[in-house]
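Residue-level listing of the chains:
Protein chains: 2
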Amino acid sequence: MIEKLKGFRDFYPEDMEIREEIFSKMRKKAKVFGFRPIDYPSLELLEMFRIKSGDEILSQTYSFKDRGDREITLIPEATPSTVRMLVTRKDLPRPVRWYNIPKLWRYEEPQSGRTREHMQMNADIFGDDSLEADADTIGLACSILDSLGLRGSYEVRVNERGIMEHILKSIGSKDIKNDLATIDRFHKMKREDIVERLVSSGIEEQKAILLCEFVEKSYTIEEAEQIIVQKFNPGNITDLMGRIKETFRILKENGFENIVYNPSTVRGLAYYTGIVFEGFDREGKFRSIFGGGRYNNLSALFSGMEIPAVGFGMGDAVLENLMREKGLWKNTENERRYYIIGLDEKGREESVRVAFRLRQRDVQCVAHSGGKNLSNALKNATKLNFTHTILIGKNEMDNGKYTVRDLASGDQKSMEMDQIG
Amino acid sequence: MIEKLKGFRDFYPEDMEIREEIFSKMRKKAKVFGFRPIDYPSLELLEMFRIKSGDEILSQTYSFKDRGDREITLIPEATPSTVRMLVTRKDLPRPVRWYNIPKLWRYEEPQSGRTREHMQMNADIFGDDSLEADADTIGLACSILDSLGLRGSYEVRVNERGIMEHILKSIGSKDIKNDLATIDRFHKMKREDIVERLVSSGIEEQKAILLCEFVEKSYTIEEAEQIIVQKFNPGNITDLMGRIKETFRILKENGFENIVYNPSTVRGLAYYTGIVFEGFDREGKFRSIFGGGRYNNLSALFSGMEIPAVGFGMGDAVLENLMREKGLWKNTENERRYYIIGLDEKGREESVRVAFRLRQRDVQCVAHSGGKNLSNALKNATKLNFTHTILIGKNEMDNGKYTVRDLASGDQKSMEMDQIG
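Protein sequence lines correspond, in order, to chains Y and X. Take the first sequence: its letter number 7 is residue 6 in numbering that gives the first Met the number 0, and every next letter is one higher. Take the second sequence: its letter number 69 is residue 68 in numbering that gives the first Met the number 0, and every next letter is one higher.
Mixed in with the good hints, there may be bad ones.
Unchecked claim - Using 16 Å as the maximum straight-line C-alpha spacing, the simulated EDC-like pairs for lysine to aspartate or glutamate come out as follows: (1) X:K30 / Y:D90; (2) Y:K3 / X:E70; (3) X:K51 / Y:E2; (4) X:K64 / Y:D65; (5) X:K64 / X:E46; (6) Y:K378 / X:D90; (7) X:K5 / Y:D65; (8) X:K393 / X:E348; (9) X:K102 / X:E76; (10) Y:K102 / X:D9; (11) Y:K3 / X:D65; (12) X:K244 / Y:E348; (13) X:K345 / Y:E245; (14) X:K382 / Y:D65; (15) Y:K382 / X:D90; (16) X:K24 / Y:E19; (17) X:K89 / Y:E2; (18) X:K24 / Y:E20; (19) X:K102 / Y:D9; (20) Y:K345 / X:E245; (21) X:K30 / Y:E334; (22) Y:K64 / X:D65; (23) Y:K30 / X:D361; (24) X:K27 / Y:E19.
Said to hold, decoys possible - Derived, one-sided and incomplete: chain Y residues facing chain X with beta-carbon distance under 8 Å: (25) M15; (26) R358; (27) V362.
In short, the hints are calculated from the structure, not lab data. All C-beta atoms in this analysis are idealised placements derived from N, C-alpha and C, irrespective of residue type, glycine included.
Isolated chain Y, as found in the complex (with noise of 0.2 Å):
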């Protein structure tokens, strides 16, 4: 007996359903915010990815030498490829909106919400260095989640990481780039650990601490600001303050209501030089549900071209952890699905042709093909999942009106073809 490998997951239908309806709602609305689909190779060169990320993210990779001798690997992230398609083509007039949902490989430890083969939507904007652009890429996240039923259940946290980096230089730091990694694992180390730390980089105990206590919770935005300017004195941020204050007022003003600062929200990757973004479930149960931010440096390190980027990645499997805890876990499509049963052997052929007239109508139906006994025909009607049967015997034939039974209600109606659907 063969069985698939640890870590990744098998879909039976009545859960792939609800993913194809997920799927299909992401393209939906990155459609609506204006983002238009590409795809690209799941096989990279492995190179690609050391350039972006360092060599840390190989060891999870999977990645292996193919028969030419070239290093590559299975993509374990979708922003490299986004990137290595737009320098590619110099002539795309821009800015331009893209949007993917591929699927992603990471070799590590399986854990909940976090799989070796997991599906992610991506969607990023580049060549706008706007915050408009910043406020669309957080409206799509939180678009996507309100239209499967989370409004309410889900918080952005968001963070200005060139604002971070003053407050930094200014209580001493002489090392930006390790405490911004500090502050990432925030929530996952002890508060004297992050400490010593900091003051390791040149902080000062007490300054250190003092960011500590800031760090620690979530703020309205213009909390945040009067805390920043006076206990950090840090220097003119005016600029990124009015503009991540005009990102929020933006968000707020256009319904989403439920985004806050968190200066904690530093995002891990290096590379982000702006706003960083991260949705988690209210009641922080799970890993997060997406997370994105500016990244204007990436295109030039892959092709010497300085484009702007915003964007995010929401993956599926905290996505259907978080659903199936609220009961939004189901099909809300409501499809009729019919099963055709020829009572005998005429009723048997016509079965066949009704089947095929209806499907011209792009109605959903399979006629009964397992014998000739009712009960079973009317049992696996039930078990396989449809909604309704379709009754076929001499008199429906001589009528030319079938027998339609709704399966969920027992409804009974005396329909002519041309009705049913």
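Given the coordinates of chain Y, work out where chain X should sit on it, guided by the hints.
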């Protein structure tokens, strides 16, 4: 500069939008025929493919050892994973109808219609040995092509492995499997080599020549029956012939006229057990568009459970070639995409608000964020594939009506926000 791997494809929006539309039609038609979606990992144990296809497939796979020293592979075909899922869940009520559109990978020299990574729609019916299931499978493949505008541009070549085996046996074959493989290569080899091979497995030269004459062409099912019975004395094929004739009748009766009996269609893979079929463009320019058949023994190979099966696979690459050739490679959805341009500071603020409001009604739009130059903004709108602009200046703000321009026709209207969409 990082490049993509040879034999792999990037898809930019202009193509990806068409692909999404195709995949969406495939999913829709599959549902209409009662198929439900599944999905499985892209990585599986290599052993699974060895069991099904023997060692020959192994040289064409992207396979490698993972860190746990397991021989794993990127899946080169969909059927083994599908059957693995089926036999893993013994509790599943049957018959089941499943589809999926996975990516598949083959390490072979790229050529037209054949890439190292492709997407392939797969649809299978398990636990249903009826001819109606055979007809539904072919019917689905045809309905998909018809929905893509290809009606009349393709034909389906059908054969029955059992009948071919009867014929081979009756003309003296001592190695039917090998002779089927020879017939499978009929159009790729010289006639004398075919005859030589057939003779070497025990068939008289005269009969081998007769067989070649038969195998060379396509027939109506009636013509085929007549020739088979008169020329090959195939023994008792009444049931097999009755079944395939009935399958032809159903398909024809339901509007699928383009079905021919083609004796050279035997499908290379040894595992087919009954009807086999392949879709080709009428002019014979391309490789097969889809292919499949009945394979009643595979689940027993995997699990000891005998579960009848019939299905097909339809790849994306030949389909694209054919659709391009027929002028069908275009987006048919005609969706409106609005580019909202603020003519002054207030207008720009309003444009963001309008964008979010329109999106609440699923109207596709983006607010221009690239500076104040109106002619640049208008150029952007056209270059970026928007269909309409919405202009917002002082007048528009005062009247609560916006100027909406159709970029194709140049028509311009003054509209309230609620009317736009």
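Checked hints:
1. X:K30 / Y:D90: Between X:K30 and Y:D90 the Cα gap is close to 40 Å, so the pair fails against 16 Å, i.e. violated.
2. Y:K3 / X:E70: holds (12 Å)
3. X:K51 / Y:E2: OK: X:K51 and Y:E2 at ~14 Å, within 16 Å.
4. X:K64 / Y:D65: Roughly 12 Å between the alpha carbons, so the hint for X:K64 and Y:D65 holds.
5. X:K64 / X:E46: Given pair X:K64, X:E46 holds - Cα atoms ~12 Å apart, limit 16 Å.
6. Y:K378 / X:D90: holds (15 Å)
7. X:K5 / Y:D65: holds (12 Å)
8. X:K393 / X:E348: holds (12 Å)
9. X:K102 / X:E76: holds (9 Å)
10. Y:K102 / X:D9: Holds, at roughly 15 Å.
11. Y:K3 / X:D65: Holds, because 14 Å separates the two Cα atoms, which is no more than 16 Å.
12. X:K244 / Y:E348: Answer holds: X:K244 to Y:E348 is near 14 Å, not above 16 Å.
13. X:K345 / Y:E245: holds (14 Å)
14. X:K382 / Y:D65: violated (40 Å)
15. Y:K382 / X:D90: holds (11 Å)
16. X:K24 / Y:E19: holds (13 Å)
17. X:K89 / Y:E2: holds (14 Å)
18. X:K24 / Y:E20: holds (15 Å)
19. X:K102 / Y:D9: holds (15 Å)
20. Y:K345 / X:E245: holds (14 Å)
21. X:K30 / Y:E334: Distance ~10 Å between X:K30 and Y:E334 Cα, so the pair holds.
22. Y:K64 / X:D65: holds (12 Å)
23. Y:K30 / X:D361: holds (9 Å)
24. X:K27 / Y:E19: holds (11 Å)
25. M15: Holds: closest Cβ of chain X sits about 4 Å from Y:M15, inside 8 Å.
26. R358: This interface hint holds because 5 Å falls under the 8 Å limit.
27. V362: This hint holds: Y:V362 lies near chain X, its Cβ roughly 7 Å from the closest one there, short of 8 Å.
Comparing the model with each earlier hint shows violations of hints 1 and 14; every other hint is respected.
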